[in-house]
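So the sequences go chain by chain: A and B.
For the first sequence, the positions run 1 to 218 when this note's numbering is used.
For the second sequence, the positions run 1001 to 1217 when this note's numbering is used.
Hints listed in this document are in silico derivations from the structure and should not be mistaken for laboratory results.
Hints should not be assumed to be uniformly reliable.
Claimed, not checked - Taking lysine-lysine pairs in the DSSO-like style, the calculated list, with each CA pair at most 30 Å apart, reads: (1) A:Lys135 x B:Lys1130; (2) B:Lys1136 x B:Lys1085; (3) B:Lys1182 x A:Lys135; (4) B:Lys1136 x A:Lys135; (5) A:Lys5 x A:Lys40; (6) B:Lys1011 x B:Lys1070; (7) A:Lys135 x A:Lys152; (8) B:Lys1091 x B:Lys1138; (9) A:Lys177 x B:Lys1136; (10) A:Lys17 x A:Lys135; (11) B:Lys1130 x B:Lys1182; (12) B:Lys1091 x A:Lys57; (13) B:Lys1011 x B:Lys1044; (14) B:Lys1131 x A:Lys134; (15) B:Lys1131 x A:Lys178; (16) A:Lys152 x B:Lys1182; (17) A:Lys178 x B:Lys1182; (18) A:Lys152 x B:Lys1130; (19) A:Lys70 x B:Lys1085; (20) A:Lys177 x A:Lys17; (21) A:Lys5 x A:Lys153; (22) A:Lys209 x A:Lys197; (23) A:Lys177 x A:Lys153; (24) B:Lys1136 x A:Lys118; (25) B:Lys1044 x A:Lys118; (26) B:Lys1009 x B:Lys1085; (27) A:Lys152 x A:Lys5; (28) A:Lys209 x A:Lys178; (29) B:Lys1138 x A:Lys118; (30) B:Lys1091 x A:Lys118; (31) A:Lys118 x B:Lys1006; (32) B:Lys1165 x A:Lys70; (33) B:Lys1044 x B:Lys1070; (34) A:Lys153 x B:Lys1071.
Claimed, not checked - Chain B side only, calculated, beta carbon under 8 Å to chain A, not exhaustive: (35) Ser1075; (36) Pro1098; (37) Val1103; (38) Thr1120.
Where a beta carbon is used, it is the ideal one built from N, C-alpha and C, also for glycine.
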Amino acid sequence: MMNDKQVIASRIALELKDGDLVNLGIGIPTLVANYVPENKKVVFQSENGIIGLGPDKGEDNYIVNAGGIKASIVQGGAFIDTATSFTFIRGGHIDITVLGALEVDQEGSIASWIIPGKLVPGMGGAMDLVTGAKKVIIAMRHTNKGREKILKKCRLPLTAYNQANLIVTEMAVMEVKKDGLHLLEVNPIYTIEDVVKATEADLIIGDVKEMRGINNEN
Amino acid sequence: MANFIKAEKFKSILRDGMSIHVGGFLTNGSPELLIDLVVESGVKDLTIICNDGGYEGNGVGKMVDSNQVKKLIASHIGTNPNVGKLMNENKLEVELVPQGTLVERIRAYGAGLGGILTPTGVNTIVAEGKKVIEIKDKEYLLEEALGADIALIGGAIADNFGNLKYIQTMRNFNPMMATAAKIVVVEPIKIIEEIDPENVVTPHPFVDYILVGDYDE
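Isolated chain A, as found in the complex (with noise of 0.2 Å):
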């Protein structure tokens, strides 16, 4: 049985189209890479200044990734400087970009960068990927700790406003949309009423499917 990690990559990598350009976020997105199937030919970018990133194959190399964890590029990748990768990121030639969030709002807005007074990691490149690409993923754990993370309106300090096309969790999927959001897909060990409980955004509630491209066998 897939954890809810493993729940999350496996079904965003459903996503991810043949020739498809993405950009994985660190933590739980970084984790989808491993759930693209080999004949789906997907590039990943790297902010950093990556087109086509691969894993560490225990190189003498001077390649990392976003996170600075030591990585390899691809046959026919390039290595990029900074302006040219955000050239990529912010001008919309991503085509997807996976990242992970503090609170998700019903209007799509996103807080993942800093909890005044508390946690002040930064933004990175996060603002810049969710203002650029062409569609906005957000993975993560559908509450924090039994506290509600999917929002009427967020709290937190914004990493951008009305950006985030798709969020997926260990429990659904669901889509943001000019009414609203919209509750797509339930992981089968849940029910719909468990999710709208732990969901203090308005979900609309129409045809919901079960949760595709997860494992819930042992």
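Model the placement of chain B on the given structure of chain A, informed by the hints.
Same frame as chain A, now just chain B:
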């Protein structure tokens, strides 16, 4: 053409209160020896511009640890708890800038522009105190160009003329910073005879000094 200098000459150009661009991304491509020399020199009240706060005892973190930094301008400080601690104690001023905005502000300065217009940060606290300019129905923040007194460049292969190319992901902020300071100093990974002109990333007129000797090749 660039001057090849030793550590003592580099230290002699440092002054209290200088602003310094430091290349590198989480210390990948950061000029560690030049940073050590800044620490050795004891200059203080520095404004450091770097992608991040490095790590404790590594990268720009070394200058933070030695209390030489008055202000840090960076996109991310989460990897160095000491930066957050000094910030909370009001001993270090930190300006957090989105990464793409930071690099573009530096590039703008090097290119002689007064600033840039970016959609990043609109409707967030990053926009506080900044002009919002509407162009074709879309809002942009006016972000000012960001130069420095000195740029410290790492991750490079230099040639005998002072041209630079960069090794793998160590390129990051280095080429932009090399255009955006009064004095540009490079700590090369190695020095070769001549870089193929098609492969030069930073042409030698941008480079003032290249550090040689006294460190491992």
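Structure-based check of each hint:
1. Simply put, A:Lys135 and B:Lys1130 have alpha-carbon atoms about 27 Å apart, close enough for the 30 Å limit, and the pair holds.
2. Among the hinted pairs, B:Lys1136 with B:Lys1085 is inconsistent with the structure: their alpha-carbon atoms are about 43 Å apart, more than 30 Å.
3. Proximity of B:Lys1182 to A:Lys135 is assessed by CA-CA distance (about 40 Å); at most 30 Å being required, the pair is judged violated.
4. In summary, the hint linking B:Lys1136 to A:Lys135 is supported, as the alpha carbons are separated by about 22 Å, within the 30 Å threshold.
5. With a C-alpha separation of about 22 Å, the suggested pair A:Lys5 and A:Lys40 falls inside the 30 Å cut-off, and the hint holds.
6. Between the alpha carbons of B:Lys1011 and B:Lys1070 the distance comes to roughly 19 Å, so the proposed pair stays at or under 30 Å and holds.
7. Distance restraint check for A:Lys135 and A:Lys152: the Cα-Cα separation of roughly 21 Å lies within the 30 Å cut-off, and the hinted pair is therefore satisfied.
8. Annotation: proposed proximity of B:Lys1091 to B:Lys1138 is violated, straight-line Cα distance about 39 Å (limit 30 Å).
9. Restraint check: the Cα-Cα separation between A:Lys177 and B:Lys1136 comes to about 24 Å, which is no more than 30 Å; the hinted pair holds.
10. For the suggested pair A:Lys17 and A:Lys135, the alpha carbons sit about 12 Å apart, so the restraint of at most 30 Å is met.
11. With a C-alpha separation of about 26 Å, the suggested pair B:Lys1130 and B:Lys1182 falls inside the 30 Å cut-off, and the hint holds.
12. The straight-line distance between the Cα atoms of B:Lys1091 and A:Lys57 is roughly 42 Å, outside the 30 Å bound, and the hint therefore fails.
13. Between B:Lys1011 and B:Lys1044, the direct Cα distance comes to roughly 13 Å. Compliance with the 30 Å bound is thereby established for this hinted pair.
14. The hinted pair formed by B:Lys1131 and A:Lys134 meets the criterion: a straight-line CA distance of about 26 Å does not exceed 30 Å.
15. Of the supplied pair hints, the one linking B:Lys1131 and A:Lys178 holds, its CA atoms being roughly 28 Å apart against a limit of 30 Å.
16. Distance hint between A:Lys152 and B:Lys1182 is unfulfilled; the C-alpha atoms sit about 49 Å from each other, more than 30 Å.
17. Under the criterion of a C-alpha separation no larger than 30 Å, the hint pairing A:Lys178 with B:Lys1182 is inconsistent with the structure, at around 49 Å.
18. Between A:Lys152 and B:Lys1130 the alpha-carbon distance is near 28 Å, which keeps this suggested pair within the 30 Å criterion.
19. Restraint check for A:Lys70 and B:Lys1085: the C-alpha separation of about 27 Å stays at or below 30 Å, so the hint holds.
20. Distance check on the hinted pair: A:Lys177 and A:Lys17 sit about 21 Å apart at the alpha-carbon level, within 30 Å; holds.
21. Taken as a hint, the A:Lys5 and A:Lys153 pair is honoured in the structure, with Cα atoms around 25 Å apart against an allowance of 30 Å.
22. Using a Cα cut-off of 30 Å, the hinted pair A:Lys209 and A:Lys197 holds, with the two alpha carbons roughly 18 Å apart.
23. At most 30 Å may separate the alpha-carbon atoms for a hinted pair to count; A:Lys177 and A:Lys153 meet this at roughly 15 Å.
24. Of the supplied pair hints, the one linking B:Lys1136 and A:Lys118 is violated, its CA atoms being roughly 39 Å apart against a limit of 30 Å.
25. Distance hint between B:Lys1044 and A:Lys118 is fulfilled; the C-alpha atoms sit about 28 Å from each other, no more than 30 Å.
26. A threshold of 30 Å between alpha carbons decides the hint, and for B:Lys1009 with B:Lys1085 the separation of about 34 Å lies outside it, so the pair is violated.
27. For a cut-off of 30 Å, the pair hint linking A:Lys152 to A:Lys5 stands: about 24 Å separates their Cα positions.
28. As the CA atoms of A:Lys209 and A:Lys178 are separated by approximately 21 Å, the hinted pair is consistent with the 30 Å bound.
29. Between B:Lys1138 and A:Lys118 the CA atoms are separated by roughly 34 Å; this puts the pair beyond 30 Å, and the hint is violated.
30. The straight-line distance between the Cα atoms of B:Lys1091 and A:Lys118 is roughly 17 Å, inside the 30 Å bound, and the hint therefore holds.
31. Between A:Lys118 and B:Lys1006 the alpha-carbon distance is near 44 Å, which puts this suggested pair outside the 30 Å criterion.
32. Taking the CA atoms of B:Lys1165 and A:Lys70, the gap is about 21 Å. The hint holds against a cut of 30 Å.
33. The hinted pair formed by B:Lys1044 and B:Lys1070 meets the criterion: a straight-line CA distance of about 8 Å does not exceed 30 Å.
34. Of the pairs offered as hints, the one joining A:Lys153 and B:Lys1071 is violated, with about 33 Å between alpha carbons and a cut-off of 30 Å exceeded.
35. For B:Ser1075, the shortest C-beta to C-beta distance to chain A is roughly 5 Å, which falls under 8 Å, so the interface hint holds.
36. Restraint check, B:Pro1098 versus chain A: the minimum CB separation of about 4 Å is within 8 Å; hint holds.
37. With a least beta-carbon distance of about 4 Å to chain A, the hint placing B:Val1103 at the interface is held under the 8 Å criterion.
38. Look at B:Thr1120: its Cβ gets to within about 5 Å of chain A, closer than 8 Å, so that hint holds up.
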